[in-house]
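Counted from 1, the sequence shown has number 143 at position 136 by the working numbering; the numbering is strictly sequential.
Calculated directly from the structure, the hints in this document are not laboratory data. One should not assume that every hint holds.
Dumping the calculated DSBU-like pairs for lysine-lysine here, alpha-carbon to alpha-carbon at most 35 Å [claimed, not checked]:
1) Lys346 x Lys161
2) Lys161 x Lys284
3) Lys321 x Lys280
4) Lys34 x Lys161
5) Lys321 x Lys38
6) Lys284 x Lys74
7) Lys161 x Lys74
8) Lys34 x Lys321
9) Lys70 x Lys161
10) Lys126 x Lys70
11) Lys126 x Lys74
12) Lys126 x Lys321
13) Lys38 x Lys126
14) Lys126 x Lys35
15) Lys346 x Lys70
16) Lys346 x Lys35
17) Lys74 x Lys346
Pairwise CB distance ranges (calculated) [claimed, not checked]:
18) Ala220 x Gln441: 24 to 34 Å
19) Tyr377 x Ile453: 42 to 52 Å
20) Pro440 x Leu179: 38 to 48 Å
21) Ile216 x Phe340: 26 to 36 Å
22) Val82 x Glu310: 21 to 31 Å
23) Phe343 x Ala465: 47 to 57 Å
24) Glu199 x Lys70: 14 to 24 Å
Ideal Cβ placement from N, Cα and C applies to all residues, glycine included.
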Amino acid sequence: MAEYLKDEELAMKTQEDPTAGIQLLTKKERKRNIQFLTISAFFVSSANIIHFIFYSLYFLEIKDSEKLFGIVATVASILAVLGLILSDFLNGFIGYKGTWVFGQILMAVAFTVFIFTPKHIGWVIFASLILSLALSINESPANIILTETAGEKKKGAIASLISFFGLFGEVLIAVLIFILTYVMRVSYTNQERAYYYLYGAIVYSIIAIVMVATVTDPSKKLLKEEIKTKEKKEQMAAEPKEEEPAPEKHIEKILPQTKSNFFKGFVETFKNKWVLKVSFAFLLDAFLWSIAMGVHWAGLQDEDLFGPYAFTDKDISLLTMITSLTVLLFMYFGRFIDKHGAKLFLFISELCGLGWVILSICFTFFPWFYWIMILARVLLGISISLWIPSTIALFTNVNRERKSKVYNSIAIFRSIGWLPGGFIAGFLYDAIPQPYGFLTPMFILIGGMTILLPIFFALPNRPSDINPSRKREKFRNRRTLKE
């Protein structure tokens with residue numbers, strides 16, 4: 008057993024077969040998967056941006072309390088952690104596609120609740136919590152299907168392509184809302200915002216149905232292949248043989264599934280140093296950003312703080328459109344992640360995020376200079392454009408057998424980091440006189456960046472980068488055998 012665990016760890020570190028699914032999917036199936044991922048990204052993003060633009064306005068129109076807003080964000084983060092744990096269980100129980108479909112159905116339910124409860128804060132809180140749960144359930148199956156379909160060498164480029172189409176959907180909706188609010192001077196109440204949520208509910212319902220019919224799940228094919236391999240081995244074992252071939256013995260050590268139970272599997276995953284390093288980095292990052300962003304939008308809409316410069320629907324739609332356009336333009340650079348590694352782009356992303364928070368602080372003292380916030384959102388857009396494909400590439404840099412467990416384990420740490428942010432930001436907002444109650448969360452992020460930036464700069468791109476001496480030793484051993 009000890010020998011098997013040692014070989015399994017070695018397989019993880021040397022990246023024997025990080026995207027095994029691509030070998031079993033036909034060219035037609037890979038093409039169909041990528042087409043679905045691309046088209047669905049367009050519509051899903053167009054639905055998500057509706058919630059992003061309207062949620063804080065929707066919430067605060069019913070209950071004008073930044074503190075309650077922050078508490079709900081904290082509870083939503085708790086559900087996001089539970090969603091990741093549930094996602095890993097469902098990935099193994101019903102497959103990646105089944106888990107993804109389930110997440111889409113939950114998204115449709117959450118958007119539907121927003122349609123019929125424009126004046127009831129309890130139902131709005133319930134819908135936002137279900138939405139947080141659904142988003143975390145969706146994350147790993149969608150990204151694992153993407154990487155298994157695209158393959159190790161192209162997953163960064165394909166992730167950038169899909170994100171590009173997703174952002175195109177965001178831009179169209181943001182432009183539409185911008186035209187309606189800025190050009191046509193339309194003002195919204197929750198009753199009108201509910202029509203946008205209706206669009207989102209329809210989108211998620213249709214996507215769930217189409218997904219069932221079109222997407223090929225790599226995990227199902229891999230499971231069938233492993234069953235065939237096991238049956239073949241059992242059949243060969245039943246036949247009398249003088250000696251077991253050496254190559255077959257090597258395969259026997261690599262293919263078996265981990266026999267640990269569900270929760271023990273997470274514990275085993277964290278014994279790997281690379282997983283621990285990445286998990287800690289994203290835990291700290293999420294903690295700092297959750298505080299800075301906890302009541303950011305809600306604070307910008309506070310008339311007591313910003314007076315006549317307080318944000319409305321039209322301001323949020325304009326800044327969202329600018330952010331989405333920036334992400335759309337800079338998403339092209341995600342194609343270089345496969346060549347230069349994810350950690351470089353994560354580091355650059357954090358630098359751009361630091362620029363965003365500094366400019367946001369400046370805007371608080373000079374709110375009549377609207378261009379400051381526009382420039383801040385451009386930097387945030389650059390940060391997001393590099394962050395999305397980099398995290399997908401980094402989280403999936405392990406072999407297929409451990410991909411779901413490792414991805415969700417790191418994502419759980421990241422979600423735990425988001426847990427206290429909303430509550431802390433809401434408490435600081437109410438406890439400290441303005442404008443410093445609004446600014447303190449951003450000051451905390453700036454202070455944390457002094458720790459965060461060096462961590463991301465030194466972050467290994469993959470498990471094998473932890474101990475390069477072992478790779479050199481393995482190379483020397485192979486060379487000795489050849490000689």
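Structure-based check of each hint:
Pair hint Lys346 plus Lys161 holds up; C-alpha atoms about 10 Å apart against a cutoff of 35 Å. Our distance criterion of 35 Å between C-alpha atoms is met by Lys161 and Lys284, whose separation comes to about 25 Å. Of the supplied pair hints, the one linking Lys321 and Lys280 is violated, its CA atoms being roughly 47 Å apart against a limit of 35 Å. A C-alpha spacing of about 15 Å is found between Lys34 and Lys161, which places the hinted pair at or below 35 Å, so the restraint holds.
For a cut-off of 35 Å, the pair hint linking Lys321 to Lys38 is broken: about 39 Å separates their Cα positions. The hinted pair formed by Lys284 and Lys74 meets the criterion: a straight-line CA distance of about 33 Å does not exceed 35 Å. Under the criterion of a C-alpha separation no larger than 35 Å, the hint pairing Lys161 with Lys74 is inconsistent with the structure, at around 44 Å. For the hint linking Lys34 to Lys321, the alpha-carbon distance of about 45 Å lies beyond 35 Å, and the restraint is violated.
Pair hint Lys70 plus Lys161 does not hold up; C-alpha atoms about 47 Å apart against a cutoff of 35 Å. Distance restraint check for Lys126 and Lys70: the Cα-Cα separation of roughly 9 Å lies within the 35 Å cut-off, and the hinted pair is therefore satisfied. The straight-line distance between the Cα atoms of Lys126 and Lys74 is roughly 19 Å, inside the 35 Å bound, and the hint therefore holds. Between Lys126 and Lys321 the alpha-carbon distance is near 22 Å, which keeps this suggested pair within the 35 Å criterion.
A distance of roughly 45 Å separates the Cα atoms of Lys38 and Lys126; the hinted pair therefore is violated under the 35 Å criterion. Our distance criterion of 35 Å between C-alpha atoms is broken by Lys126 and Lys35, whose separation comes to about 48 Å. Taken as a hint, the Lys346 and Lys70 pair is broken in the structure, with Cα atoms around 49 Å apart against an allowance of 35 Å. Between the alpha carbons of Lys346 and Lys35 the distance comes to roughly 27 Å, so the proposed pair stays at or under 35 Å and holds.
About 44 Å separates the Cα atoms of Lys74 and Lys346, which puts this hinted pair outside 35 Å; it is violated. Roughly 53 Å separates the CB atoms of Ala220 and Gln441, a value that falls outside the hinted 24 to 34 Å. A hinted range of 42 to 52 Å is violated for the C-beta pair Tyr377 and Ile453, which are about 23 Å apart. A hinted range of 38 to 48 Å for the beta carbons of Pro440 and Leu179 is consistent with their spacing of about 42 Å.
For Ile216 and Phe340, the Cβ-Cβ distance of about 35 Å falls inside the hinted range of 26 to 36 Å, so the restraint holds. Our hint of 21 to 31 Å for Val82 and Glu310 holds, since their Cβ atoms are close to 27 Å apart. Range check, Phe343 to Ala465: about 20 Å between beta-carbon atoms, so the 47 to 57 Å window is missed. One distance hint, 14 to 24 Å for the beta-carbon pair Glu199 and Lys70, holds here, with the actual separation near 19 Å.
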